[in-house]
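Asker: Sequence:
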Amino acid sequence: MTREQLFENIKRKQSFLCVGLDTDVEKIPEYLFDISNDPIFDFNKAIIDATADLCVAYKPNLAFYESLGVEGWEILERTVEYIRTNHPDQFIIADAKRGDIGNTSAMYARTFFGNMDFDSVTVAPYMGEDSVSPFLGYEGKWVTLLALTSNKGAFDFQFMKDEETGERLFEKVLKTSLNWGNADNMMFVVGATKAEMLSDIRNIVPDHFLLVPGVGAQGGSLAEVVRYGMNAQCGLLVNSSRQILYADSTENFAQTAHSEAQKVQAEMAGYLKALCN
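Residue numbers for the sequence shown, in our numbering: 685 to 961.
Honestly, the hints are just simulated from the structure, not real lab data. Treat the hints with care, since some could be wrong.
[Unchecked claim] Keeping only pairs whose Cα atoms sit at most 30 Å apart, straight-line, the calculated DSS-like set for lysine-lysine is:
1) Lys729 to Lys711
2) Lys957 to Lys695
3) Lys695 to Lys711
4) Lys859 to Lys947
[As the list claims (entries may be wrong)] Beta-carbon label-pair distances, calculated as ranges:
5) Glu908 to Glu758: 35 to 41 Å
6) Asp737 to Asn936: 39 to 45 Å
7) Asp814 to Ser720: 41 to 47 Å
8) Thr860 to Glu758: 22 to 28 Å
9) Phe843 to Arg926: 35 to 41 Å
10) Asp846 to Arg926: 34 to 40 Å
11) Arg794 to Tyr766: 39 to 45 Å
12) Asp722 to Asn835: 29 to 35 Å
13) Asn721 to Asp801: 23 to 29 Å
14) Glu758 to Arg911: 38 to 44 Å
For glycine and all other residues, C-beta sits at the position ideal for the given N, C-alpha and C.
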């Protein structure tokens with residue numbers, strides 16, 4: 685999917701919502717295990733069908749599938765195939781946080797782009813260019829590079845300053861990565877709980893898309909993300925997972941997920957109104 689196609693979807697749906705498919709076997713409604721031979725996949729399908737008209741992207745977090753072994757990988761593959769077949773306008777991100785020496789990264793890229801047809805994969809930049817570049821060799825595919833994360837441990841390294849320049853490590857990552865990819869094949873993870881940093885980030889990457897987790901259950905503010913992070917093509921994919929997935933544990937979980945997603949979409953539509961007119 686191109687940047688222009690992604691922006692067109694955002695304008696058409698009046699949404700820049702990404703739904704995180706962090707499907708936890710211990711949190712899905714218990715009744716599904718009584719009525720379904722494939723409860724995790726059926727949960728995913730119901731969530732996808734209930735939210736597809738309100739979002740532009742899905743982000744399965746691979747840890748929730750890998751933890752189930754071979755069965756989990758099969759559920760992940762079927763989930764991606766289901767989205768591709770039934771909701772082909774969706775941008776699909778593998779939240780895998782890969783990044784290794786070049787030949788290993790090449791195999792990861794083949795997994796997610798050659799075999800599973802994701803649009804993007806999250807990649808950790810710590811090992812440098814040769815760990816990232818294999819993911820950039822696929823036409824129409826994206827790297828989603830970790831830049832400034834929303835977790836508490838982000839302060840351990842990401843804010844470390846160069847003693848001479850005062851440049852913080854996350855800023856160094858952003859500036860260096862501009863030599864690897866461009867706004868058409870690279871976006872950056874920036875946590876919503878660090879929204880005040882978005883203006884500094886936009887000074888470095890004004891045109892790139894930002895994947896922003898941390899809104900909702902983690903306490904990030906959508907208004908602040910928009911204020912500091914939106915650009916002329918929106919430039920934002922704001923992820924929400926738990927707030928939508930687990931809002932209801934009854935047989936009405938899909939309808940409740942739709943309602944929760946609709947609340948977020950309605951707020952986003954207000955922010956997009958001026959941009960899209």
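Asker: Each hint needs a verdict: does it hold in this structure or not?
Answerer: Hints versus structure:
1. Lys729 to Lys711: At roughly 16 Å apart (the allowed maximum being 30 Å), lysine 711 and lysine 729 satisfy the hint.
2. Lys957 to Lys695: holds (9 Å)
3. Lys695 to Lys711: violated (33 Å)
4. Lys859 to Lys947: Outside the cut-off at roughly 35 Å; violated.
5. Glu908 to Glu758: 35 to 41 Å: 39 Å Cβ-Cβ, so the 35 to 41 Å window holds.
6. Asp737 to Asn936: 39 to 45 Å: violated (18 Å)
7. Asp814 to Ser720: 41 to 47 Å: holds (44 Å)
8. Thr860 to Glu758: 22 to 28 Å: Violated, at about 38 Å.
9. Phe843 to Arg926: 35 to 41 Å: violated (26 Å)
10. Asp846 to Arg926: 34 to 40 Å: holds (36 Å)
11. Arg794 to Tyr766: 39 to 45 Å: Because 22 Å falls outside the window, the suggested range is violated.
12. Asp722 to Asn835: 29 to 35 Å: For asparagine 835 against aspartate 722, whose Cβ atoms are near 32 Å apart, the range 29 to 35 Å holds.
13. Asn721 to Asp801: 23 to 29 Å: holds (25 Å)
14. Glu758 to Arg911: 38 to 44 Å: Since the Cβ atoms of glutamate 758 and arginine 911 sit about 42 Å apart, the hinted range of 38 to 44 Å holds.
When the structure is compared with the earlier hints, violations turn up for hints 3, 4, 6, 8, 9 and 11 and for no others.
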